[in-house]
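Chemist: Read top to bottom, the protein sequences are chains R and P.
At the far end of the first sequence sits residue 434, using this note's numbering, and the numbering has no gaps.
At the far end of the second sequence sits residue 434, using this note's numbering, and the numbering has no gaps.
Since the hints were made in silico from the structure, they are not lab data.
Which copy? The list can't say, so a pair holds if one copy fits it or any two copies do.
The calculated DSSO-like cross-link candidates involving lysine-lysine, where the alpha carbons are at most 27 Å apart (straight line), are:
(1) K114 / K304
(2) K304 / K318
(3) K114 / K282
(4) K393 / K167
(5) K282 / K92
(6) K282 / K304
(7) K177 / K389
(8) K392 / K177
(9) K114 / K318
(10) K149 / K167
(11) K247 / K263
These are the residues of each chain, in order.
2 protein chains.
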Amino acid sequence: MSTHDDSAPGLSRRRFLGAASSLAVAAGVIGTGGVAAAESLAKPKAGQALSAVEPFYGLHQGGIVTPQQTHSLFAAFDLEATARADVIALLKRWTIAANRMSHGETAQPLTVPKDAAPLDGGSAEGLRPSRLTVTFGFGPGLFVGSDGKDRYGLASRRPEALVDLPKFNGDQLVAEKCGGDLSIQVCADDPQVAFHALRELLALADGVALIKWMQSGFTSPPAGGGTTRNLMGFKDGTNNPSTRDGKMMDQVVWVGDEGGWMKAGSYVVVRRIRIALEHWDKTELGFQEEVVGRDKASGAPLGKTHESDPLDLEAQDKDGNSVIPDNAHARLSAASENDGAQILRRAYSYNDGVGFYAERWPPWRQGMMLDAGLFFVAYQRDPRSGFIKINKKLATQDIMNQFTTHVGSGIFACPPGASEGSFIGAGLFEGLES
Amino acid sequence: MSTHDDSAPGLSRRRFLGAASSLAVAAGVIGTGGVAAAESLAKPKAGQALSAVEPFYGLHQGGIVTPQQTHSLFAAFDLEATARADVIALLKRWTIAANRMSHGETAQPLTVPKDAAPLDGGSAEGLRPSRLTVTFGFGPGLFVGSDGKDRYGLASRRPEALVDLPKFNGDQLVAEKCGGDLSIQVCADDPQVAFHALRELLALADGVALIKWMQSGFTSPPAGGGTTRNLMGFKDGTNNPSTRDGKMMDQVVWVGDEGGWMKAGSYVVVRRIRIALEHWDKTELGFQEEVVGRDKASGAPLGKTHESDPLDLEAQDKDGNSVIPDNAHARLSAASENDGAQILRRAYSYNDGVGFYAERWPPWRQGMMLDAGLFFVAYQRDPRSGFIKINKKLATQDIMNQFTTHVGSGIFACPPGASEGSFIGAGLFEGLES
Numbered sequence: 001m002s003t004h005d006d007s008a009p010g011l012s013r014r015r016f017l018g019a020a021s022s023l024a025v026a027a028g029v030i031g032t033g034g035v036a037a038a039e040s041l042a043k044p045k046a047g048q049a050l051s052a053v054e055p056f057y058g059l060h061q062g063g064i065v066t067p068q069q070t071h072s073l074f075a076a077f078d079l080e081a082t083a084r085a086d087v088i089a090l091l092k093r094w095t096i097a098a099n100r101m102s103h104g105e106t107a108q109p110l111t112v113p114k115d116a117a118p119l120d121g122g123s124a125e126g127l128r129p130s131r132l133t134v135t136f137g138f139g140p141g142l143f144v145g146s147d148g149k150d151r152y153g154l155a156s157r158r159p160e161a162l163v164d165l166p167k168f169n170g171d172q173l174v175a176e177k178c179g180g181d182l183s184i185q186v187c188a189d190d191p192q193v194a195f196h197a198l199r200e201l202l203a204l205a206d207g208v209a210l211i212k213w214m215q216s217g218f219t220s221p222p223a224g225g226g227t228t229r230n231l232m233g234f235k236d237g238t239n240n241p242s243t244r245d246g247k248m249m250d251q252v253v254w255v256g257d258e259g260g261w262m263k264a265g266s267y268v269v270v271r272r273i274r275i276a277l278e279h280w281d282k283t284e285l286g287f288q289e290e291v292v293g294r295d296k297a298s299g300a301p302l303g304k305t306h307e308s309d310p311l312d313l314e315a316q317d318k319d320g321n322s323v324i325p326d327n328a329h330a331r332l333s334a335a336s337e338n339d340g341a342q343i344l345r346r347a348y349s350y351n352d353g354v355g356f357y358a359e360r361w362p363p364w365r366q367g368m369m370l371d372a373g374l375f376f377v378a379y380q381r382d383p384r385s386g387f388i389k390i391n392k393k394l395a396t397q398d399i400m401n402q403f404t405t406h407v408g409s410g411i412f413a414c415p416p417g418a419s420e421g422s423f424i425g426a427g428l429f430e431g432l433e434s
Numbered sequence: 001m002s003t004h005d006d007s008a009p010g011l012s013r014r015r016f017l018g019a020a021s022s023l024a025v026a027a028g029v030i031g032t033g034g035v036a037a038a039e040s041l042a043k044p045k046a047g048q049a050l051s052a053v054e055p056f057y058g059l060h061q062g063g064i065v066t067p068q069q070t071h072s073l074f075a076a077f078d079l080e081a082t083a084r085a086d087v088i089a090l091l092k093r094w095t096i097a098a099n100r101m102s103h104g105e106t107a108q109p110l111t112v113p114k115d116a117a118p119l120d121g122g123s124a125e126g127l128r129p130s131r132l133t134v135t136f137g138f139g140p141g142l143f144v145g146s147d148g149k150d151r152y153g154l155a156s157r158r159p160e161a162l163v164d165l166p167k168f169n170g171d172q173l174v175a176e177k178c179g180g181d182l183s184i185q186v187c188a189d190d191p192q193v194a195f196h197a198l199r200e201l202l203a204l205a206d207g208v209a210l211i212k213w214m215q216s217g218f219t220s221p222p223a224g225g226g227t228t229r230n231l232m233g234f235k236d237g238t239n240n241p242s243t244r245d246g247k248m249m250d251q252v253v254w255v256g257d258e259g260g261w262m263k264a265g266s267y268v269v270v271r272r273i274r275i276a277l278e279h280w281d282k283t284e285l286g287f288q289e290e291v292v293g294r295d296k297a298s299g300a301p302l303g304k305t306h307e308s309d310p311l312d313l314e315a316q317d318k319d320g321n322s323v324i325p326d327n328a329h330a331r332l333s334a335a336s337e338n339d340g341a342q343i344l345r346r347a348y349s350y351n352d353g354v355g356f357y358a359e360r361w362p363p364w365r366q367g368m369m370l371d372a373g374l375f376f377v378a379y380q381r382d383p384r385s386g387f388i389k390i391n392k393k394l395a396t397q398d399i400m401n402q403f404t405t406h407v408g409s410g411i412f413a414c415p416p417g418a419s420e421g422s423f424i425g426a427g428l429f430e431g432l433e434s
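Could you put the whole structure together from the sequences, leaning on the hints where they help?
Modeler: Structure, rendered in structure tokens:
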């Protein structure tokens, strides 16, 4: 009557459905390769993109140079396990589940009788892989506990580059949106697929790690392609290094030989940046463009015509003032102003509804305002010469700070990708007994 | 250099782009009809659905029997205006902007010089209409202020059906997620398009109405079509009345002659229902199915084979127990158990990250848990014989209450649709001076 008792491994999510045809069943048990075949049975409404699969196993983790999906969930976890073996076991469970779900399968094989809880909650049944990626990260707390102790015997393996972020000028961080011993970023072109994946990974952490915070986000590609716009209404990411340029990625994003077990991994810095949207929306267009350093409509640098035109940081107007103001965001974040420092941004807009505000000056207004902005996500080979270097300058000089506040923050070492049969972070534990 | 100074009315959002070709420009000024033409210039990546337009003007408001979009934002507002004329002026601004945005245009024509704030923040530039609908509602507070006064001279026009919701058994409502004098539900197949629309409408309310709360939500249609699943992993909406059945909609959803100015409108009840997902996920499959009254995989009523099979509420097992338990959700919410009462559900799942919990019993655990669940949205001809009737029974008897908590609530009269040249709610104000 139901397929829940079916114990064949590697079933695709479509097998969950009681009405699965025998053809779908046959396709499902092929495993990875079978997904595409099973897909062809479905009648997608919103294009084939949702049936696309991003491979989980590989040299690098997915979700870093992967073309950006439309939805993201970023979660940070506090470890509660006392034994290293429990951490390793969790990473193994997570690896297997992440790979399964990236192919549109349930988190675990569905060998579920009626008198046991299902091994997958089923909230993504019938949905497609949607280019799901799961990107794991290790926070400083994996290497040294909050009490300063070497909780898992890993302190000596903490990467030098995994520094604690300094306090930046203007930071208004709230503890419940900061830090974490482990991180998971789930990205997909379907919000329900993303939420399903995060929730199943959370369930697999039961007793080992507790979720600390979670941030959702979205980004919408323009109809004609090209750079997306953020909630300030400006194109965001024009000067991002190209993910299609492997050499550039090796230079900017991927850890090299210097990294030991982190080689082929990357470091992620996330910042929850609240934007005073109501304030921004009442700002003159000309001033908005001076803040950003670019034309709002075209995205071109001030004084130029096309979005792709290089910034001319020397250009002056007839009065001798910089065409791109000295405190403009685009100028201050430019590689040339930061000894060549570059990072790969992969940010999402966020909308967390409204929050209470109380003005501390006349007219002493109180009420609700939007709690929305940018969930900044940046990958880099070394945060010391990447985000930290750039943001030290931005935090003190960027006129955009009039409109933005950093309220959440995290830094995580994202290990290299896992090969099939191994698990995420295996290199970190190599040579240690369990 | 920029098109911002262009003062031609009715520009499509694509005109915002500095690099718009002359062909696109020509298409843009045609107005509504031009959108489709301009669209043909774009190269959509995720199918043609995003270019689809849901008409704003019409007998009924959109977003009620409209095939459900994937993203929703529901916002409630408190009126701060003291004059009725200001409320009317707001509704006129909202009507025009909602119609424009439903066609993929900016909220207002872009006649923006550099020394003024843009009349549209630009966060949806380059994005498609995405079947955007905007559905307006009037809460009890429009008719009677919190002080009991007839604040706008509308008290005598309050519809009888717009009752204050009673307190239901088990309600744990929090004030900051309840009520409101006005409501707006924005639905679209693109989250950034939805957020843009709500934000621009919010800006147009400046000085007249303040946002009180906002709830985002998502729903993902299965690859093969059919009923969507909620976060409990069950198909949700199987027994919903068909929106394709006009006669049924007239009976269940649309206000008839009894409604005066509300004729062809509908009443919406919203409930923010938090689900204890971690608890649910640890519940045996068989018990989950008894709670719902349906098979999890197929959606079939217990004891039946197909999702569309009718519930057999009389069926007993060999021991004489009901096959569909007496306290199962599907039984208690069935029309036959409620004197034929029916409502049109149009719910969205929500994920608001994590929230703090503290157990008040051993082992006295504290930590973070998911703040996720169902944003229940139901339309009906009369809430007294619709949601209120059904929920009185559910609130006291539904075993699903073990896993769900109603924390937010609202009721709003959604007036009929506006005809072009008129405005939403015009009938309410007919015959009143300004």
